[in-house]
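Protein sequence lines, in the order shown, are assigned to chains V and U. Note that my numbering gives residue 214 to position 214 of the first sequence, counting from 1, and the numbers run on in steps of one. Note that my numbering gives residue 91 to position 91 of the second sequence, counting from 1, and the numbers run on in steps of one.
If you're looking for bench data, these hints aren't it; they were derived computationally from the structure. Don't be surprised by glycine CBs; every beta carbon is placed ideally from N, CA and C. Please note that a few of the clues may not be correct.
[Said to hold, decoys possible] Cβ-Cβ distance ranges computed for the label pairs, FRET-style:
no., chain 1, residue 1, chain 2, residue 2, range
1, U, Gly-107, V, Val-158, 42 to 52 Å
2, V, Trp-96, U, Ile-34, 11 to 21 Å
3, V, Ala-85, U, Pro-139, 53 to 63 Å
[What the hints assert, rightly or not] So, partial list: chain V residues that the calculated Cβ filter (under 8 Å) puts toward chain U:
no., residue
4, Lys-75
5, Tyr-78
6, Gln-81
7, Val-84
8, Gly-87
[As the list claims (entries may be wrong)] To list a few chain U residues with every Cβ distance to chain V over 12 Å, as calculated:
no., residue
9, Gly-20
10, Val-38
11, Asp-39
12, Gly-48
13, Glu-63
14, Ile-67
15, Asp-72
16, Gln-73
17, Trp-77
18, Asp-93
19, Val-109
20, Ser-115
21, Asn-117
22, Pro-142
23, Gln-152
24, Arg-167
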Amino acid sequence: MLQKIYDWIDDRIDITPIWRDIADHEVPEHVNPAHHFSAFVYCFGGLTFFVVVIQILSGMFLTMYYVPDIQNAWKSVYYLQTEVAHGQIVRGMHHWGASVVIVMLLLHTLRVFFQGAYKKPRELNWVVGVLIFFVMLGLGFTGYLLPWDNKAYFATQVGLEMAEQVPFIGQQLKILLAGDATIVGAQTLTRFFAIHVFFLPAALFGLLAAHFILIRKQGISGPL
Amino acid sequence: MSNEKQQVSRRQFLNYTLTGVGGFMAAGLLISPIRMAVDPVLKESSAGDLANVGLSVDDITSEPQRIDWSVDQVDGWYESEVNRSAWVYRNEDDEIVAFSPVCKHLGCVVSWEGSENHPNEYFCPCHDGRYYKDGTNVPGTPPLAPLDEYEQEVRDGMLFLGDARPREEA
Chain V
1 MLQKIYDWID DRIDITPIWR DIADHEVPEH VNPAHHFSAF VYCFGGLTFF
51 VVVIQILSGM FLTMYYVPDI QNAWKSVYYL QTEVAHGQIV RGMHHWGASV
101 VIVMLLLHTL RVFFQGAYKK PRELNWVVGV LIFFVMLGLG FTGYLLPWDN
151 KAYFATQVGL EMAEQVPFIG QQLKILLAGD ATIVGAQTLT RFFAIHVFFL
201 PAALFGLLAA HFILIRKQGI SGPL
Chain U
1 MSNEKQQVSR RQFLNYTLTG VGGFMAAGLL ISPIRMAVDP VLKESSAGDL
51 ANVGLSVDDI TSEPQRIDWS VDQVDGWYES EVNRSAWVYR NEDDEIVAFS
101 PVCKHLGCVV SWEGSENHPN EYFCPCHDGR YYKDGTNVPG TPPLAPLDEY
151 EQEVRDGMLF LGDARPREEA
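Excised from the complex, chain V in its bound form:
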């Protein structure tokens, strides 16, 4: 049945070469943990991506209950945690996953750094990777405010003051982020929500696509 559906589609638009291009490629011996166990270090990039997928999925489901409004944000999170079946688990996935992403990302970066895999011709991909790192930090920072509890509020207060220290444009940058010169409040929360679920994910998708296209184009770096 599935085969028939696949054949029907393939007959018309010839999808086989498309997915073969994506899925069919050789894994060199030096990156295959089955040959050298130490090659597990090559898994960190993929693991980072795997956790990012978890973040995207759990985040999509969380927005079914979350409200980015100072009156209701905390209440909706509390409701999700205490009244909704598996709500605690899904928020747990997103909460812990956020930290795991950063850990995996750092491990991946360390591997690339110590193997010198960033060297010519792969400098551009290193740059893209660093941009992904910044986007991830941004996602972590903006997501931290959303539960609108005390920890979230004061962490954001501190974060905004750090932004204010930027030379020349600090004040404007802070207002741009917070939506107000002095208040961390209603406008800050909606801004952070928009940045967290629309702007940064969009940037992340673009950068990830570039990251993956580059690695496919240039191939994985050779053995040490």
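Since the structure of chain V is already known, use the hints to place chain U on it.
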């Protein structure tokens, strides 16, 4: 290797294994989010308590009168007072009847004698739906069912109403 024993090829085995492991991981990942998403469907709807609508049974006549009251509503994390209304009258058997004013066609609000052309009937202004005094829909008008009736109780001479229920007899 003899050919007869080879019922599953190496390629097939790997395909099945990978699909299985992948499916298991995807299921493990998605089961909680999906359970959370469908939670409202699986939640039991709590039957609302009967509320005092502020109408003494002595004031109920054979002429339907509109009464309005409000009930506390818990909507997830949001609690509020919502307004309800009913058409209440006493029928020939001296029983109190309280109809929901929500039209059974598309949910507009009906009024007793809401149209001058149709005395002694409930009238819905949206699509000229009509109901007789006993709540039965007038054949040939848009509604296909009689008006819902509120659960009711009389305590200390006051009328208490609960949730509106569809009537069984048509």
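Over 12 Å from every CB of chain V: does Gly-20/U meet that, or does the non-interface label fail? Holds, since 15 Å exceeds 12 Å.
Is the nearest Cβ of chain V still more than 12 Å from the Cβ of Asp-93/U? 44 Å, holds
Hint validity - Val-84/V Cβ closer than 8 Å to any chain U Cβ: It holds, given that the least Cβ distance between Val-84/V and chain U is near 5 Å, below 8 Å.
Between Trp-96/V and Ile-34/U, does the beta-carbon spacing fit 11 to 21 Å? Holds, at about 19 Å.
Minimum C-beta separation from Gly-48/U to chain V exceeding 12 Å: can you confirm that? 18 Å, holds
Grab the minimum beta-carbon distance between Ile-67/U and chain V and tell me whether it stays above 12 Å. 32 Å, holds
Just want to verify: Val-38/U was marked as not at the interface with chain V; is every Cβ pair farther apart than 12 Å? 9 Å, violated
With d taken as the least Cβ-Cβ distance between Gln-152/U and chain V, does d exceed 12 Å? 31 Å, holds
Hint status (Cβ of Gln-81/V to nearest Cβ of chain U, threshold 8 Å): This hint is violated: Gln-81/V lies away from chain U, its Cβ roughly 11 Å from the closest one there, beyond 8 Å.
Let me know if the C-beta of Tyr-78/V comes in closer than 8 Å to any C-beta of chain U, holds or violated. At 7 Å from the nearest chain U Cβ, Tyr-78/V passes the 8 Å test, so the hint holds.
Claimed clearance of chain V by Glu-63/U, with the beta carbon kept past 12 Å: With a cut-off of 12 Å, Glu-63/U remains clear of chain V, as the shortest Cβ separation is near 44 Å.
Per the stated criterion, does the least C-beta distance between Pro-142/U and chain V lie above 12 Å, as a non-interface residue requires? Holds: least Cβ distance 35 Å, greater than 12 Å.
Violation of the numbered hints given earlier is confined to hints 3, 6, 10, 11, 17; the remaining hints are satisfied by the structure.
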